[in-house]
Amino acid sequence: MGKVLLGRYVPGDSIVHRMDPRAKLILSFFFIVIIFLANNWQSYALLFALTIGSILAAKVNFAFFIKGVRPLIWLILFTVLLQIFFSSGGTVFWRWGPFNLSYYGLINGAYVFCRFVLIIFMSTLLTLTTAPLEIADALEKLMMPLKKIKVPVYEISLMLSIALRFVPTLMDETAKIMNAQRSRGVNFGEGSIMQQIKAVVPLLVPLFVSSFNRAEDLATAMEARGYRGGEGRTKYRVHYWQTGDTVGCAVFVAVLIILLFLRHW
Amino acid sequence: MDIVEIKNLTFKYPQQEVQNFNNFNLKIKKGEWLAIIGHNGSGKSTLVRLIDGLLAPESGEITVSGIKLTPESVWDVRSKIGMVFQNPDNQFVGANVEDDVAFGLENAAIPRKEMLIRVRQALERVKMWEFADHEPVRLSGGQKQRVALAGIIALKPEIIILDEATSMLDPEGRQAVLEIIRELNQVEHLTVISITHDIDEASNAQRVVVLDDGKIVQDDIPAKIFSHGASLVKIGLEPPFSEKLKEELVKQGIEVPDEYLTKEGMVDWLWQLFSKQ
Numbered sequence: 001m002g003k004v005l006l007g008r009y010v011p012g013d014s015i016v017h018r019m020d021p022r023a024k025l026i027l028s029f030f031f032i033v034i035i036f037l038a039n040n041w042q043s044y045a046l047l048f049a050l051t052i053g054s055i056l057a058a059k060v061n062f063a064f065f066i067k068g069v070r071p072l073i074w075l076i077l078f079t080v081l082l083q084i085f086f087s088s089g090g091t092v093f094w095r096w097g098p099f100n101l102s103y104y105g106l107i108n109g110a111y112v113f114c115r116f117v118l119i120i121f122m123s124t125l126l127t128l129t130t131a132p133l134e135i136a137d138a139l140e141k142l143m144m145p146l147k148k149i150k151v152p153v154y155e156i157s158l159m160l161s162i163a164l165r166f167v168p169t170l171m172d173e174t175a176k177i178m179n180a181q182r183s184r185g186v187n188f189g190e191g192s193i194m195q196q197i198k199a200v201v202p203l204l205v206p207l208f209v210s211s212f213n214r215a216e217d218l219a220t221a222m223e224a225r226g227y228r229g230g231e232g233r234t235k236y237r238v239h240y241w242q243t244g245d246t247v248g249c250a251v252f253v254a255v256l257i258i259l260l261f262l263r264h265w
Numbered sequence: 001m002d003i004v005e006i007k008n009l010t011f012k013y014p015q016q017e018v019q020n021f022n023n024f025n026l027k028i029k030k031g032e033w034l035a036i037i038g039h040n041g042s043g044k045s046t047l048v049r050l051i052d053g054l055l056a057p058e059s060g061e062i063t064v065s066g067i068k069l070t071p072e073s074v075w076d077v078r079s080k081i082g083m084v085f086q087n088p089d090n091q092f093v094g095a096n097v098e099d100d101v102a103f104g105l106e107n108a109a110i111p112r113k114e115m116l117i118r119v120r121q122a123l124e125r126v127k128m129w130e131f132a133d134h135e136p137v138r139l140s141g142g143q144k145q146r147v148a149l150a151g152i153i154a155l156k157p158e159i160i161i162l163d164e165a166t167s168m169l170d171p172e173g174r175q176a177v178l179e180i181i182r183e184l185n186q187v188e189h190l191t192v193i194s195i196t197h198d199i200d201e202a203s204n205a206q207r208v209v210v211l212d213d214g215k216i217v218q219d220d221i222p223a224k225i226f227s228h229g230a231s232l233v234k235i236g237l238e239p240p241f242s243e244k245l246k247e248e249l250v251k252q253g254i255e256v257p258d259e260y261l262t263k264e265g266m267v268d269w270l271w272q273l274f275s276k277q
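So the sequence lines, in the order shown, correspond to chains A and B. Residue numbers for the first sequence follow full-length UniProt numbering, so the first one is 1 and each next one is one higher. Residue numbers for the second sequence follow full-length UniProt numbering, so the first one is 1 and each next one is one higher.
FYI, nobody ran anything at the bench for these hints, they're computed from the structure. All C-beta atoms in this analysis are idealised placements derived from N, C-alpha and C, irrespective of residue type, glycine included. Some clues are possibly wrong.
Pair by pair, the computed Cβ-Cβ distance ranges are [claimed, not checked]:
(1) A:Phe-208 / B:Asp-200: 50 to 60 Å
(2) B:His-189 / A:Lys-235: 44 to 54 Å
(3) B:Glu-5 / A:Ala-163: 48 to 58 Å
(4) B:Glu-5 / A:Met-144: 38 to 48 Å
(5) A:Gln-196 / B:Pro-111: 23 to 33 Å
(6) A:Phe-208 / B:Phe-274: 27 to 37 Å
(7) A:Ala-219 / B:Ile-216: 37 to 47 Å
(8) B:Ala-109 / A:Asn-187: 45 to 55 Å
(9) B:Asp-268 / A:Met-194: 57 to 67 Å
(10) B:Asp-200 / A:Lys-235: 34 to 44 Å
(11) B:Leu-245 / A:Asn-187: 26 to 36 Å
(12) A:Ala-219 / B:Gln-175: 50 to 60 Å
(13) B:Leu-245 / A:Lys-235: 46 to 56 Å
Capping the alpha-carbon separation at 20 Å, the derived lysine to aspartate or glutamate pairs in DMTMM-like fashion look like this [claimed, not checked]:
(14) B:Lys-224 / B:Asp-200
(15) B:Lys-12 / B:Glu-61
(16) B:Lys-29 / B:Glu-5
(17) B:Lys-224 / B:Asp-198
(18) A:Lys-141 / A:Glu-231
(19) B:Lys-7 / B:Asp-89
(20) B:Lys-215 / B:Glu-5
(21) A:Lys-235 / B:Asp-133
(22) B:Lys-68 / A:Glu-231
(23) A:Lys-176 / B:Asp-89
(24) B:Lys-29 / B:Glu-188
(25) B:Lys-156 / B:Glu-135
(26) B:Lys-80 / A:Glu-155
(27) B:Lys-246 / B:Asp-268
(28) B:Lys-156 / A:Glu-190
(29) B:Lys-244 / B:Glu-164
(30) B:Lys-27 / B:Asp-220
(31) A:Lys-235 / B:Glu-114
(32) A:Lys-235 / B:Glu-58
(33) B:Lys-30 / B:Asp-219
(34) B:Lys-29 / B:Glu-58
(35) A:Lys-176 / B:Glu-114
(36) B:Lys-156 / B:Glu-32
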C-alpha cells in the first residue's frame, strides 16, 4: 500500500538530482512544448537523443521509465489507432467505410506514439529525480508573480506540502481501518460492483471523520507554534540556482535551435 | 515570582450551557513544574488553551511572564510558551524532521543563518539530529514527540505546556520525553505545566493541582496527593483500561460483572457475551 506514492521519487546523487527543482520543472514544460515542433524523423531522433541523454545523466534504472508508460498504454494505442485509420494522404493500402490505412496515417501514428513516449519519459524523469516537496517548493517560487493578482501563493504551497506530508499517514490509517472492518466481516474487492461500492462506505466514513479531527488538531498546533499566515515568514529550505542549471537550460535551448533548423530540412 | 497568573477567570464553550470555569484563580511560579490532573472533562486542556490564548475567556485576567493576555498581545504571549499536544502525528507540520523544527522559527521570521544553528542545536539536544532528514512515517511516536520538543526548544520559550504529551507513547518513548523535560526544568529552569493521567509523570512535578469541574479541589506536593491511595481514580489518574470499558458498557445499558476484570478476563467475558446473542 505504502508503495503507491505520488511521484515515485528515487533518491540519488546525480547531476539531475542535484539540479534546482525550478530548473527541472521549467525544462520539463519547455520540453513538452517543443515536442510539438518536431515534424520529421530527424527532429524526433534529436528529441530522443536529448531524453536518453538526460536519463543517462540521472543514473536511474531504465525499468522505471517502462513502468511509467505501462499504465497509459491503452490510451496511447487508442490515440495511435485513431491517427492511423482516420488520417489520409499518400498511398492508400486498405479502405473500409470511413477507415483507411494510408502512408501518412502510418507515419502520423508513429509520430504520435513517439510524442507520448517522450512526454512520459521526461515527466517520469522529473518525478523520479525530484522529491514531491521540492516540486511544491518550485511551484511556489514559479507562482510568485501571481501574488500581484492576490493569489495566496504561500498558503497554496503550504497546503500542498502538508497534503504531501499526510499522504503516507492517511494510507497507514486506511490500511488500519480496512483491517478493522475486515475483522467485522466486510469484504473488500469481492462481489458485484454494487457490493464493492457499498464496502467502501465503512472505509470512507471513519477516514473522513479522522481526517477532520487531524485537521483541527493540526490547526491548533500550528497556531500554538506562531503560524499566522504566509506573510513575513522566513524560509528554512532554499534552493540555489547553480552552474549545472544554467548548463541544462543552455542544452535545451540549443536543442530548440537545432530543432527549428531540422524542421525545414 | 509568578510567571502565570490567572485572576477571576470565567469561561464557557459557545455551544454549552454550563460554565467551564467560574471565578477561577491560579498562580504558577517561575521555574516550577506543575502537574494538572483531573478526570476527562474537568477542564485541564481548556485551562492550558486559555493560558496560550487558543481560547478566549469571557472575563477575568490572564498574565503570562508580565504580559497581560489580550487579542493584541496574544502572539507575544505565545512566543513565551511552547506546547506539546497529545497526538504525535497531528502536530507534525514539516515534511521531515528538520523542516518541522524550523516551522516555528519560520513563523517567528528568524533569519535563515540563525535558523540552521538553532535547528541543529535543538535536534542534538533531543538526540534526533541523525534523523534530521527522516519523514514522520519513519519515526516512532516517542521520536515524533522529541521532534516536537526540539521545535519548542529552538524557539527558546519560558514555559513548556504538555497536554497529555506522553499518553500515546510506549514506556520507553515516555521515559525519553520525560528525561528531556526534567533536564529543561532543572538545568534551564523552564517552567513546566503538564497535564497528565500518568502517575510517574505527575510525581516528577513539584506541585500537583487536581481539577474537578473547573475548580481546584487539591493543590499540594505530589507525595501528599498520592498518599490518598484508592481515591486516585476519583481525582483522575488513569483507571485501568478494562474498568473504563466497563463503565462505557454500563452507559450503553449492558450488564457487566461487578468484580474487577483483568484485560484477559475482559476479553473472555466479552466474547462469551457476544456468542450468547
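How the hints compare with the structure:
{"no.": "1", "hint": "A:Phe-208 / B:Asp-200: 50 to 60 Å", "result": "violated (36 Å)"}
{"no.": "2", "hint": "B:His-189 / A:Lys-235: 44 to 54 Å", "result": "violated (33 Å)"}
{"no.": "3", "hint": "B:Glu-5 / A:Ala-163: 48 to 58 Å", "result": "violated (41 Å)"}
{"no.": "4", "hint": "B:Glu-5 / A:Met-144: 38 to 48 Å", "result": "holds (45 Å)"}
{"no.": "5", "hint": "A:Gln-196 / B:Pro-111: 23 to 33 Å", "result": "violated (55 Å)"}
{"no.": "6", "hint": "A:Phe-208 / B:Phe-274: 27 to 37 Å", "result": "holds (28 Å)"}
{"no.": "7", "hint": "A:Ala-219 / B:Ile-216: 37 to 47 Å", "result": "violated (30 Å)"}
{"no.": "8", "hint": "B:Ala-109 / A:Asn-187: 45 to 55 Å", "result": "holds (54 Å)"}
{"no.": "9", "hint": "B:Asp-268 / A:Met-194: 57 to 67 Å", "result": "violated (39 Å)"}
{"no.": "10", "hint": "B:Asp-200 / A:Lys-235: 34 to 44 Å", "result": "holds (40 Å)"}
{"no.": "11", "hint": "B:Leu-245 / A:Asn-187: 26 to 36 Å", "result": "holds (28 Å)"}
{"no.": "12", "hint": "A:Ala-219 / B:Gln-175: 50 to 60 Å", "result": "violated (30 Å)"}
{"no.": "13", "hint": "B:Leu-245 / A:Lys-235: 46 to 56 Å", "result": "holds (48 Å)"}
{"no.": "14", "hint": "B:Lys-224 / B:Asp-200", "result": "holds (15 Å)"}
{"no.": "15", "hint": "B:Lys-12 / B:Glu-61", "result": "holds (15 Å)"}
{"no.": "16", "hint": "B:Lys-29 / B:Glu-5", "result": "holds (9 Å)"}
{"no.": "17", "hint": "B:Lys-224 / B:Asp-198", "result": "holds (16 Å)"}
{"no.": "18", "hint": "A:Lys-141 / A:Glu-231", "result": "holds (14 Å)"}
{"no.": "19", "hint": "B:Lys-7 / B:Asp-89", "result": "violated (34 Å)"}
{"no.": "20", "hint": "B:Lys-215 / B:Glu-5", "result": "holds (16 Å)"}
{"no.": "21", "hint": "A:Lys-235 / B:Asp-133", "result": "holds (17 Å)"}
{"no.": "22", "hint": "B:Lys-68 / A:Glu-231", "result": "violated (26 Å)"}
{"no.": "23", "hint": "A:Lys-176 / B:Asp-89", "result": "holds (15 Å)"}
{"no.": "24", "hint": "B:Lys-29 / B:Glu-188", "result": "holds (15 Å)"}
{"no.": "25", "hint": "B:Lys-156 / B:Glu-135", "result": "violated (24 Å)"}
{"no.": "26", "hint": "B:Lys-80 / A:Glu-155", "result": "violated (25 Å)"}
{"no.": "27", "hint": "B:Lys-246 / B:Asp-268", "result": "holds (13 Å)"}
{"no.": "28", "hint": "B:Lys-156 / A:Glu-190", "result": "violated (55 Å)"}
{"no.": "29", "hint": "B:Lys-244 / B:Glu-164", "result": "holds (18 Å)"}
{"no.": "30", "hint": "B:Lys-27 / B:Asp-220", "result": "holds (13 Å)"}
{"no.": "31", "hint": "A:Lys-235 / B:Glu-114", "result": "holds (11 Å)"}
{"no.": "32", "hint": "A:Lys-235 / B:Glu-58", "result": "violated (37 Å)"}
{"no.": "33", "hint": "B:Lys-30 / B:Asp-219", "result": "holds (17 Å)"}
{"no.": "34", "hint": "B:Lys-29 / B:Glu-58", "result": "violated (25 Å)"}
{"no.": "35", "hint": "A:Lys-176 / B:Glu-114", "result": "violated (41 Å)"}
{"no.": "36", "hint": "B:Lys-156 / B:Glu-32", "result": "holds (17 Å)"}
In summary, the structure is inconsistent with hints 1, 2, 3, 5, 7, 9, 12, 19, 22, 25, 26, 28, 32, 34, 35 from the numbered list given earlier, while agreeing with the others.
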